[in-house]
Amino acid sequence: MTYSGSKMKNTPRWLDEFTNRLLVQLLKHFPWLAERWAKSHRFVEGEGIPWAPLRKPLRDSCIAMVTTAGVHLKSQPPFNMEDPDGDASFRAFPTDADRTDLTITHKYYDHSAADRDINVVLPIDRLRELRDERVIGGIGPTLYSFMGHIDGPHLKTLMEETAPEVAERLVREGVEAVFLTPT
Amino acid sequence: MGLIQRTIEAKGIPTIGITLQKEVTKRVRPPRALSLRYPFGHPLGEAFHANQQRTILLEALKGLETIKDPGTILEPAYVWRRHRFD
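Protein chains in written order, with numbering that gives the first Met the number 0: chain D, 0 to 182; chain C, 0 to 85.
Among the hints, erroneous ones may be present.
With a Cα cut of at most 30 Å, we get these calculated DSSO-like pairs of lysine-lysine [unchecked claim]:
| # | chain 1 | residue 1 | chain 2 | residue 2 |
| --- | --- | --- | --- | --- |
| 1 | C | 21 | D | 106 |
| 2 | D | 27 | C | 10 |
| 3 | C | 61 | D | 55 |
| 4 | C | 67 | D | 106 |
| 5 | D | 73 | C | 25 |
| 6 | C | 21 | D | 27 |
| 7 | C | 67 | C | 25 |
| 8 | D | 73 | C | 67 |
| 9 | C | 25 | D | 55 |
Incomplete in silico selection of chain D near chain C, CB under 7 Å [stated by the list, open to error]:
| # | residue |
| --- | --- |
| 10 | 24 |
| 11 | 25 |
| 12 | 26 |
| 13 | 48 |
| 14 | 112 |
| 15 | 169 |
| 16 | 173 |
| 17 | 179 |
Computed Cβ-Cβ distance ranges for the label pairs, DEER-style [unchecked claim]:
| # | chain 1 | residue 1 | chain 2 | residue 2 | range |
| --- | --- | --- | --- | --- | --- |
| 18 | D | 131 | C | 83 | 23 to 31 Å |
| 19 | C | 36 | D | 17 | 25 to 33 Å |
| 20 | C | 85 | D | 130 | 21 to 29 Å |
| 21 | D | 132 | C | 65 | 27 to 35 Å |
| 22 | D | 12 | C | 75 | 40 to 48 Å |
Treat the hints as calculated values from the structure; they're not laboratory data.
For clarity, every value in this text was computed on a predicted model and none was experimentally measured.
Note that the Cβ used here is the ideal one computed from N, Cα and C, for glycine as well.
Construct the entire structure; sequences and hints are all you get.
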């Protein structure tokens, strides 16, 4: 999502940072502000709704997760937080990655809870439990992560390059359903 | 997130996403969503509340089987920090 505050030009960096942090906390504690913003903001509105039915019961299906919470391996380059239009790239990492190797780069939401327990934004442990209990058939080999703050020219990159690339990789990996989490 | 979800679904993989912004989701129109009135940064609830995280995840996954109408938004009535997940 886009906060207009982040687009201010010619303002000192500390003021930008301060304004952003204030917005993040305001929107966290007063979600109706975000709803009002949503009603007045222009989005890429969906034309029609794509639809692919689940072919097999959940207990036989391979499930993967995709998040826009800005999660990545500490060894991977962080998302670009300097560009006010965001970063349309994605990070892919193994589903069985060690939790201590993960981090979050995202300044447009308060991820203090997710820093302590990644399951708050990416429920890796919960998904493994469901697999072990045979509630789902399996887990996709790769987790895909974006940062959910993409606007301007990067929307085209997302829609024409990076999102289709992730979709194709999921198909190649034999994934049969995807669960997505926002920030 | 809805745009990425629509792209994946269009490739033939069924999807469901959590949304904390129903107004945005109603306009982006992903195929299936589960809406929660939770603060940003908490799509699966609170840290170390495994039952809560599991319930939300499972509710969403079940939506893959139960939702028949494209654009459906499930709205479980979980009140932030009040609902008991036993």
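Verification of the hints:
1. Note on residue 21 of chain C and residue 106 of chain D: the hinted pairing holds, with a Cα-Cα distance of about 22 Å set against a maximum of 30 Å.
2. Between residue 27 of chain D and residue 10 of chain C the CA atoms are separated by roughly 34 Å; this puts the pair beyond 30 Å, and the hint is violated.
3. For the hint linking residue 61 of chain C to residue 55 of chain D, the alpha-carbon distance of about 12 Å falls within 30 Å, and the restraint holds.
4. A hinted pair counts as satisfied when its Cα atoms are at most 30 Å apart, and residue 67 of chain C with residue 106 of chain D does not qualify at roughly 37 Å.
5. The straight-line distance between the Cα atoms of residue 73 of chain D and residue 25 of chain C is roughly 35 Å, outside the 30 Å bound, and the hint therefore fails.
6. At roughly 15 Å between alpha-carbon atoms, residue 21 of chain C and residue 27 of chain D fall within 30 Å of each other, so this suggested pair holds.
7. Straight-line distance between C-alpha atoms of residue 67 of chain C and residue 25 of chain C comes to about 17 Å, which keeps the hinted pair within the 30 Å bound.
8. With a CA separation close to 40 Å, the supplied pair residue 73 of chain D and residue 67 of chain C exceeds the 30 Å bound.
9. Among the hinted pairs, residue 25 of chain C with residue 55 of chain D is consistent with the structure: their alpha-carbon atoms are about 28 Å apart, no more than 30 Å.
10. A cut of 7 Å between beta carbons decides the hint on residue 24 of chain D: the least distance to chain C is about 10 Å, and the hint is violated.
11. Here the hint on residue 25 of chain D is broken, as its CB sits about 10 Å from the closest CB of chain C, past 7 Å.
12. Annotation: residue 26 of chain D was flagged as interfacial toward chain C, and the flag holds, the nearest CB pair being 6 Å apart, inside 7 Å.
13. Taken as an interface hint, residue 48 of chain D checks out: its beta carbon lies about 4 Å from the nearest beta carbon of chain C, inside 7 Å.
14. Interface restraint check for residue 112 of chain D: the shortest CB-CB distance to chain C comes to about 4 Å, inside 7 Å, so the restraint holds.
15. Given hint, residue 169 of chain D at the interface with chain C, holds; its Cβ is 6 Å from that chain's nearest Cβ, closer than 7 Å.
16. About 10 Å separates the beta-carbon of residue 173 of chain D from the nearest beta-carbon of chain C, more than 7 Å, and the hint is not met.
17. Given hint, residue 179 of chain D at the interface with chain C, holds; its Cβ is 4 Å from that chain's nearest Cβ, closer than 7 Å.
18. The hinted window of 23 to 31 Å between residue 131 of chain D and residue 83 of chain C holds, with their beta carbons roughly 25 Å apart.
19. Between residue 36 of chain C and residue 17 of chain D the beta carbons are some 28 Å apart, a value that agrees with the proposed interval 25 to 33 Å.
20. Evaluation of the 21 to 29 Å hint for residue 85 of chain C and residue 130 of chain D yields a pass: the beta carbon distance comes to about 23 Å.
21. Taking 27 to 35 Å as the suggested C-beta distance range, the pair residue 132 of chain D and residue 65 of chain C does not conform, at roughly 19 Å.
22. Hint check: residue 12 of chain D to residue 75 of chain C, Cβ distance near 41 Å, so the stated range 40 to 48 Å holds.
Checked against the numbered hints above, the structure violates hints 2, 4, 5, 8, 10, 11, 16, 21; every other hint is satisfied.
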